[in-house]
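Undergrad: Here's the letter readout for the chains.
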Amino acid sequence: MAITTHPFLETIEKLRVEILELEASQVGSSEVSPELEAARNQLDAEITKVYSNLSRWETCLLARHPDRPYTLAYIHDIFTDFTEMHGDRRFADDPALVAGFARFDGEPIAIIGHQKGRDTAEKVRRNFGMPRPEGYRKALRIMKLAVRFKRPIITFIDTPGAYPGIDAEERGQAEAIADNLIEMARLPVPIIVVITGEGGSGGALALGLGDRVLMLEHAVYSVISPEGCAAILWKDQSRAEEAAQALKLTSETLKEFGVIDEILTEPHGGAHMDPGAMSSTIEAGIRRHLRQLKKLRPEAMISRRYKKFRSMGVAADR
Amino acid sequence: MKKGQGVPRGLWIKCERCGAILYHKEATANLHVCPKCDYHFRMSAHQRLDSLFDGGRYKTLFNRIRSADPLEFTDSKPYRDRIKIYQKKVGPQDAVVVGQGEIDRSQTIVAAMEYAFMGGSMGSAVGEKIALAGERCLDRRLPLVIVACSGGARMQEGILSLMQMAKISAVLARMREKRLPFISVLTDPTTGGVTASFAMQGDLNIAEPASLIGFAGPRVIEQTIRQTLPEGFQRSEFLLEHGMLDRIVHRHELKSTLATCLGYFR
Ligand SMILES: [Zn+2]
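Here the protein sequences line up with chains A and B, keeping their order. With the first sequence counted from 1, adding 163 to any position gets you our numbering. With the second sequence counted from 1, adding 156 to any position gets you our numbering.
One thing to keep in mind: the hints can contain errors.
Unchecked claim - In silico DSS-like links for lysine-lysine, alpha-carbon gap of 27 Å or less:
id : chain 1 : residue 1 : chain 2 : residue 2
1  : B       : K411      : B       : K334
2  : B       : K215      : B       : K240
3  : B       : K334      : A       : K307
4  : A       : K458      : B       : K334
5  : A       : K307      : A       : K458
6  : B       : K411      : B       : K170
7  : B       : K233      : A       : K398
8  : B       : K170      : A       : K471
9  : B       : K181      : B       : K245
10 : A       : K313      : B       : K334
11 : B       : K334      : A       : K398
12 : A       : K457      : B       : K334
Stated by the list, open to error - What follows is a list of derived Cβ distance ranges for each label pair:
id : chain 1 : residue 1 : chain 2 : residue 2 : range
13 : A       : K418      : B       : K215      : 35 to 41 Å
14 : A       : A440      : B       : E393      : 53 to 59 Å
15 : B       : T384      : A       : K212      : 46 to 52 Å
16 : A       : R253      : B       : E378      : 22 to 28 Å
17 : B       : K233      : A       : K177      : 41 to 47 Å
18 : A       : H169      : B       : K233      : 26 to 32 Å
19 : A       : E270      : B       : G212      : 26 to 32 Å
20 : B       : S232      : A       : R253      : 41 to 47 Å
21 : B       : K233      : A       : D207      : 57 to 63 Å
It should be emphasised that the hints constitute simulated quantities derived from the structure, not laboratory data. The beta carbon of each residue, even a glycine, is placed where N, CA and C say it ideally should be.
Let the hints inform the model, and build the full structure from the sequences given.
TA: This is the structure we're talking about:
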């Protein structure tokens, strides 16, 4: 378990540790001790209080919580027979983005998602979930394979953004993202997008052009990180809190803007408080939308996808 | 129409690269290219359209589309006020001007981005105008040229500016399917969400010399990797070498190159 030091989570994190210790000391006992029950009740009450009034910045911090489940955990819970596939066949494999095939309700399905690391070594190996061009090209390779065999595609989005490095630029980061966008617009199979944590800019959108876009309650999706926005607008990264507020990057607002189709409610306290329950909610969401999409003929599906993205944005016409 | 935005106003101008002092008129006649060192000054959208269409004749389209303020965004001043200031200073048409006319006697639609309008940033208005341009090409079976000149997505429209990348991509994907040519022209600078969408989706990607082209801005990369970037990094020549561009074309040859290339696909 990882504990954050964000002030708004201080009491909650303390209680999480306390409960964990109490649980450990009572392993084997069939009864719940009064202290444990009291601590659990206190945690519930504290979460209810704090979460009823989260600022957008606090939601960002939750979306980045170090205990938040990552793509492979969801894949493990939701699908069976997952086999990961590696490499873009051009240059390298990108561990910041995982892809492969599995079964969902017995049917083969393609899965693609950003992957962050849990410990320091894995964080570095997975580049903090920031893909290089190879990641996007691997994703597209798997998507095209899915099309050839008429398999639906599920994508999981959780990235601070595409990696801003010399090598990524040399190998065409922009072209890789652009190519995914133009190809995903016309793929003749259902595409369901699930934004699970951080939806960071173009690096997120490169997996985001789908028939349905579902978003976890405390996930965020934005054109730029609050820190980046603050650095540009106020020349001061520490004003990220204000930037987060102004960017309106939380699920409720994005639903109003029509950018996402559905908010997936998180367990009390967030996905990391009960990853299994979160997986069940995502699974039910995927099942529901997939059932609807499978009824559509490919041409109708592509034409609806076109209308969906064509209508995005708010401009005046005078 | 506004003239002379690419080159600072006044009788004389100084070349930013070689320091040569030029007559303003001389630079304009030379398509805003320094006759001494070939430095390409930034052009306004109208100057660009003037330079590409036969006889500088074209009609502008979708002029009624304006930026709104869906997020009610405020930084040091409200976005709403910022838009008004730029509309007064640069023109009402936001960061892209769409023109239809003839290039070498063939009807073509050209969308030219306007850097002077908030750094050419792409918000919903830019997205809508380019999407409409593409749809008009689909309706009338016309080729499309987009001249990019932009710092990327317009932060003040938040996620909606990111969605313009998807919106335009969807339209261009349709053009691809209907076998209508789209040529992307990348000029200095083309970065961020504009590069990571339509600017890199051309059937051909053509750049002006020495233009800054990339996804992440150089400053962001320097901060991330904590080292200074090599000379020429993210310039047109670098991208050509790395296989991201079909050609680098001098501004004097751009119109004829477009005419020739569009001819291959007509
Ligand atoms: Zn010069």
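Undergrad: Look at each hint and say if it fits the structure.
TA: Hint check:
1. B:K411 x B:K334: Holds, at roughly 25 Å.
2. B:K215 x B:K240: Roughly 24 Å separates the two Cα atoms, so the pair holds.
3. B:K334 x A:K307: holds (20 Å)
4. A:K458 x B:K334: Holds, at about 26 Å.
5. A:K307 x A:K458: Status holds; Cα separation ~21 Å.
6. B:K411 x B:K170: With Cα atoms ~26 Å apart, B:K411 and B:K170 stay inside 27 Å; holds.
7. B:K233 x A:K398: At roughly 15 Å apart (the allowed maximum being 27 Å), A:K398 and B:K233 satisfy the hint.
8. B:K170 x A:K471: violated (48 Å)
9. B:K181 x B:K245: holds (22 Å)
10. A:K313 x B:K334: holds (23 Å)
11. B:K334 x A:K398: violated (45 Å)
12. A:K457 x B:K334: holds (26 Å)
13. A:K418 x B:K215: 35 to 41 Å: Cβ of A:K418 to Cβ of B:K215: about 40 Å, so the range 35 to 41 Å holds.
14. A:A440 x B:E393: 53 to 59 Å: holds (54 Å)
15. B:T384 x A:K212: 46 to 52 Å: About 49 Å separates the Cβ atoms of B:T384 and A:K212, which means 46 to 52 Å holds.
16. A:R253 x B:E378: 22 to 28 Å: holds (27 Å)
17. B:K233 x A:K177: 41 to 47 Å: Distance hint for B:K233, A:K177 holds at roughly 42 Å.
18. A:H169 x B:K233: 26 to 32 Å: holds (31 Å)
19. A:E270 x B:G212: 26 to 32 Å: Roughly 59 Å apart at Cβ, these two residues miss the hinted range, so it is violated.
20. B:S232 x A:R253: 41 to 47 Å: holds (44 Å)
21. B:K233 x A:D207: 57 to 63 Å: violated (44 Å)
The structure fails hints 8, 11, 19 and 21 (numbered hints given earlier, in ascending order).
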